[in-house]
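As a plain string of letters, each chain reads:
Number of protein chains: 2
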Amino acid sequence: MRPITEEKMAEITAFMEEKKIDLLFLADWENSRDVNLRFLSGHPMDGFLLLTPGGETILIPWDVELAKEHATVDTIITDPDSRTNFEQYVKEVLKSDSPVIGVNAMISYRWIIALKKALPALRIYDNPIEVNELFRKLRSTKTPKELAFLEKAGKIGNKVLKDIEKFAKEVPNGTENDLSFLVMKKIREYGAEDNSFPSLVANVERSHLIHCHPFAGNNQFSKPGLALIDFGALYQGYASDITVPISFGKLTAEQEKIKQTCFAAYEAAIDAIDIGVPLWKISQAAVDVIEKAGFHMPHGLGHGLGLTVHDAPGVRQKPTSEEKLKDFVELKVEEGMVFTIEPGVYVKGAGGQRLENDVMIKNGKVVVYTKSKPLEVE
Amino acid sequence: MRPITEEKMAEITAFMEEKKIDLLFLADWENSRDVNLRFLSGHPMDGFLLLTPGGETILIPWDVELAKEHATVDTIITDPDSRTNFEQYVKEVLKSDSPVIGVNAMISYRWIIALKKALPALRIYDNPIEVNELFRKLRSTKTPKELAFLEKAGKIGNKVLKDIEKFAKEVPNGTENDLSFLVMKKIREYGAEDNSFPSLVANVERSHLIHCHPFAGNNQFSKPGLALIDFGALYQGYASDITVPISFGKLTAEQEKIKQTCFAAYEAAIDAIDIGVPLWKISQAAVDVIEKAGFHMPHGLGHGLGLTVHDAPGVRQKPTSEEKLKDFVELKVEEGMVFTIEPGVYVKGAGGQRLENDVMIKNGKVVVYTKSKPLEVE
Numbered sequence: 584m585r586p587i588t589e590e591k592m593a594e595i596t597a598f599m600e601e602k603k604i605d606l607l608f609l610a611d612w613e614n615s616r617d618v619n620l621r622f623l624s625g626h627p628m629d630g631f632l633l634l635t636p637g638g639e640t641i642l643i644p645w646d647v648e649l650a651k652e653h654a655t656v657d658t659i660i661t662d663p664d665s666r667t668n669f670e671q672y673v674k675e676v677l678k679s680d681s682p683v684i685g686v687n688a689m690i691s692y693r694w695i696i697a698l699k700k701a702l703p704a705l706r707i708y709d710n711p712i713e714v715n716e717l718f719r720k721l722r723s724t725k726t727p728k729e730l731a732f733l734e735k736a737g738k739i740g741n742k743v744l745k746d747i748e749k750f751a752k753e754v755p756n757g758t759e760n761d762l763s764f765l766v767m768k769k770i771r772e773y774g775a776e777d778n779s780f781p782s783l784v785a786n787v788e789r790s791h792l793i794h795c796h797p798f799a800g801n802n803q804f805s806k807p808g809l810a811l812i813d814f815g816a817l818y819q820g821y822a823s824d825i826t827v828p829i830s831f832g833k834l835t836a837e838q839e840k841i842k843q844t845c846f847a848a849y850e851a852a853i854d855a856i857d858i859g860v861p862l863w864k865i866s867q868a869a870v871d872v873i874e875k876a877g878f879h880m881p882h883g884l885g886h887g888l889g890l891t892v893h894d895a896p897g898v899r900q901k902p903t904s905e906e907k908l909k910d911f912v913e914l915k916v917e918e919g920m921v922f923t924i925e926p927g928v929y930v931k932g933a934g935g936q937r938l939e940n941d942v943m944i945k946n947g948k949v950v951v952y953t954k955s956k957p958l959e960v961e
Numbered sequence: 584m585r586p587i588t589e590e591k592m593a594e595i596t597a598f599m600e601e602k603k604i605d606l607l608f609l610a611d612w613e614n615s616r617d618v619n620l621r622f623l624s625g626h627p628m629d630g631f632l633l634l635t636p637g638g639e640t641i642l643i644p645w646d647v648e649l650a651k652e653h654a655t656v657d658t659i660i661t662d663p664d665s666r667t668n669f670e671q672y673v674k675e676v677l678k679s680d681s682p683v684i685g686v687n688a689m690i691s692y693r694w695i696i697a698l699k700k701a702l703p704a705l706r707i708y709d710n711p712i713e714v715n716e717l718f719r720k721l722r723s724t725k726t727p728k729e730l731a732f733l734e735k736a737g738k739i740g741n742k743v744l745k746d747i748e749k750f751a752k753e754v755p756n757g758t759e760n761d762l763s764f765l766v767m768k769k770i771r772e773y774g775a776e777d778n779s780f781p782s783l784v785a786n787v788e789r790s791h792l793i794h795c796h797p798f799a800g801n802n803q804f805s806k807p808g809l810a811l812i813d814f815g816a817l818y819q820g821y822a823s824d825i826t827v828p829i830s831f832g833k834l835t836a837e838q839e840k841i842k843q844t845c846f847a848a849y850e851a852a853i854d855a856i857d858i859g860v861p862l863w864k865i866s867q868a869a870v871d872v873i874e875k876a877g878f879h880m881p882h883g884l885g886h887g888l889g890l891t892v893h894d895a896p897g898v899r900q901k902p903t904s905e906e907k908l909k910d911f912v913e914l915k916v917e918e919g920m921v922f923t924i925e926p927g928v929y930v931k932g933a934g935g936q937r938l939e940n941d942v943m944i945k946n947g948k949v950v951v952y953t954k955s956k957p958l959e960v961e
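Sequence lines, in order, name chains A and B. 584 is the number of the first residue of the first sequence in the numbering used here; add one for each residue after it. 584 is the number of the first residue of the second sequence in the numbering used here; add one for each residue after it.
The reader is advised that the hints may include incorrect statements.
Since the list can't tell identical chains apart, any single copy or any two copies may satisfy a pair.
[As the list claims (entries may be wrong)] As a list, the in silico DSS-like pairs of lysine-lysine whose alpha-carbon atoms are at most 30 Å apart:
#	residue 1	residue 2
1	Lys769	Lys752
2	Lys674	Lys699
3	Lys738	Lys603
4	Lys678	Lys907
5	Lys769	Lys674
6	Lys700	Lys915
7	Lys806	Lys678
8	Lys907	Lys699
9	Lys674	Lys909
10	Lys840	Lys948
11	Lys602	Lys700
12	Lys651	Lys833
13	Lys948	Lys699
14	Lys956	Lys915
15	Lys768	Lys806
Simulated from the structure, these hints should not be mistaken for laboratory data.
The whole structure should be built from the sequences, with the hints applied where relevant.
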């Protein structure tokens with residue numbers, strides 16, 4: 584079943600009519616994922632999707648049987664070699680000899696090259712970023728059914744919080760890998776199909792990294808200082824994303840400042856959320872706190888949650904350059920939006936702290952539906 | 584430390600000189616990964632890499648601290664906002680006003696759009712597929728150090744084979760998820776940093792799917808008929824990839840034929856491997872067996888293993904269309920190559936079988952260094 588609503592589908596075809604786009608071409612393959620394929624078709628992964636301005640959908644899947652089980656489209660191409668000769672199916676659908684094909688800006692360049700080779704007279708719609716932004720806007724609000732899945736993914740995450748606390752307090756010799764593994768185990772026990780991403784587990788020596796590498800190691804987790812774990816659950820394909828900042832033992836003045844700044848930025852951001860508020864203003868509220876304290880946040884404040892863990896909408900700063908402002912689409916908080924708030928402060932040598940919870944706008948209310956809070960262990 | 588050798592680096596810069604490419608531009612970001620960034624720089628993920636024809640490397644990382652710990656490059660850009668204004672660093676490196684920039688065909692189209700906006704006079708080198716093929720060729724042979732990591736990843740996988748056999752025989756009520764979880768646990772116990780991908784575990788009802796979705800479910804695994812598990816270990820960033828075909832109980836004649844055809848195709852492929860043999864001929868040997876039996880294999884026979892689980896070289900059919908033949912680079916089996924052999928036969932209703940092992944060419948010998956074999960459970 585496809586997650587997109589009829590109304591949103593109509594927005595896409597109206598956009599195509601207006602921009603004189605003859606065909607929309609989506610590609611989702613390993614190393615170059617486009618969740619819009621699943622959003623528009625229900626097909627989980629690996630394939631091409633063609634959409635005409637009349638709303639006709641043609642799926643060219645890698646795995647035909649998988650498509651038959653999951654996709655809601657008008658046509659499934661069942662040719663088992665369609666992956667390598669997809670261009671012929673594009674040709675068949677097109678009526679014009681010099682068609683305009685719309686693509687998402689995130690598409691792998693290889694497909695553009697292949698299309699141009701097969702159809703030398705085609706033109707790629709000249710503003711693929713606009714296509715990307717349209718999809719992001721449509722994905723930025725969720726249906727009640729999607730909200731229910733997201734809430735469930737959040738609730739599973741909440742249950743794991745207790746296991747993390749217990750581990751931090753009662754397993755002083757435990758490693759990052761031990762905690763990562765515990766979370767993986769518990770998350771499935773509580774009904775998730777999987778982690779929504781590999782947990783990032785960083786002790787004081789690694790917590791200054793935004794995304795530590797490897798994601799977890801054989802280091803003792805509870806060394807004195809600032810640590811964190813960033814994890815999430817996947818439920819029916821929908822993701823939660825939670826970070827717990829943890830401090831072990833007595834902190835230095837610098838560590839204390841990092842910690843307090845992070846939490847103050849979090850509070851400021853949560854306070855700034857309200858229906859109708861531009862998302863960048865929420866980011867600004869957190870960034871103001873962090874910069875006033877003399878730090879710099881090296882990543883965005885938050886991101887949407889949905890069929891991908893980094894979904895629309897982004898909760899980031901407004902661009903400063905005029906060039907980037909041209910492509911900037913200001914989204915405001917509205918019913919059905921779901922996003923993370925996750926300010927972080929990182930200092931090499933001292934460590935980092937990030938506090939992250941998931942927020943949804945449901946029945947006119949702002950609901951912080953995950954329950955992470957700073958954890959202090961003696 | 585960067586995995587690429589000096590000799591291979593020199594091949595890239597010689598290519599740039601010959602093709603008059605002023606700058607090579609690589610991008611590795613979520614949803615659009617390019618392992619060549621890590622291959623050329625040692626930086627694990629998330630960033631841009633610029634390479635000049637003189638061999639100068641400039642890394643624009645998302646996480647500066649991560650880069651400092653892992654990268655071997657001439658310059659690391661430490662501007663924390665470099666992700667959003669990377670174009671200025673490209674401009675700074677270029678001497679020409681109308682430069683030619685080389686990209687990998689796999690790059691996300693968004694970066695091409697951004698570069699063209701920032702540098703309207705630039706030209707993208709008109710054969711990005713050639714760039715991609717050059718990288719693939721260079722990554723298709725491994726150094727002795729890389730071979731040692733790959734072998735270790737394979738050995739960890741071999742240990743897990745015994746656990747899979749035990750589970751299949753002794754846990755009749757176990758689910759796909761139970762087995763997936765067991766593998767995840769054991770793989771870490773045996774020293775892997777992680778699975779190299781989420782295990783695909785399919786009972787008879789799902790084994791006809793090439794890549795089942797979800798990867799594992801709460802279905803009983805040992806239902807009578809054809810099942811399989813496809814899994815791998817990650818060691819120091821290097822992947823193994825193994826599939827065990829399992830049959831439970833008495834098979835139907837059709838199931839028996841699927842099984843025998845898959846194994847015969849595997850034997851034919853292994854027999855065809857020899858130094859100097861074009862890789863497509865190994866694929867042809869397996870495909871001949873499968874097609875003679877009246878089946879069609881809906882995926883390639885095998886793929887390289889390395890820093891990514893689907894690395895170079897591909898072990899696939901030679902293209903049949905003249906257009907695709909133009910881009911086709913025939914690689915032959917040579918010292919240092921590492922690839923999977925994984926023929927599969929799939930029939931909806933009856934199920935599927937795939938047998939997969941990892942092969943390396945080391946000291947002039949063909950070594951099948953993983954030990955999967957068909958498993959039969961009464």
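Status of the hints after comparison with the structure:
no. : hint              : in the structure
1   : Lys769 <-> Lys752 : both (17 Å within a copy, 26 Å between copies)
2   : Lys674 <-> Lys699 : both (11 Å within a copy, 28 Å between copies)
3   : Lys738 <-> Lys603 : neither (44 Å within a copy, 56 Å between copies)
4   : Lys678 <-> Lys907 : between (36 Å within a copy, 25 Å between copies)
5   : Lys769 <-> Lys674 : neither (49 Å within a copy, 49 Å between copies)
6   : Lys700 <-> Lys915 : between (41 Å within a copy, 27 Å between copies)
7   : Lys806 <-> Lys678 : neither (66 Å within a copy, 49 Å between copies)
8   : Lys907 <-> Lys699 : both (28 Å within a copy, 13 Å between copies)
9   : Lys674 <-> Lys909 : between (34 Å within a copy, 21 Å between copies)
10  : Lys840 <-> Lys948 : neither (32 Å within a copy, 60 Å between copies)
11  : Lys602 <-> Lys700 : both (24 Å within a copy, 21 Å between copies)
12  : Lys651 <-> Lys833 : between (58 Å within a copy, 28 Å between copies)
13  : Lys948 <-> Lys699 : neither (48 Å within a copy, 43 Å between copies)
14  : Lys956 <-> Lys915 : within (26 Å within a copy, 57 Å between copies)
15  : Lys768 <-> Lys806 : both (24 Å within a copy, 24 Å between copies)
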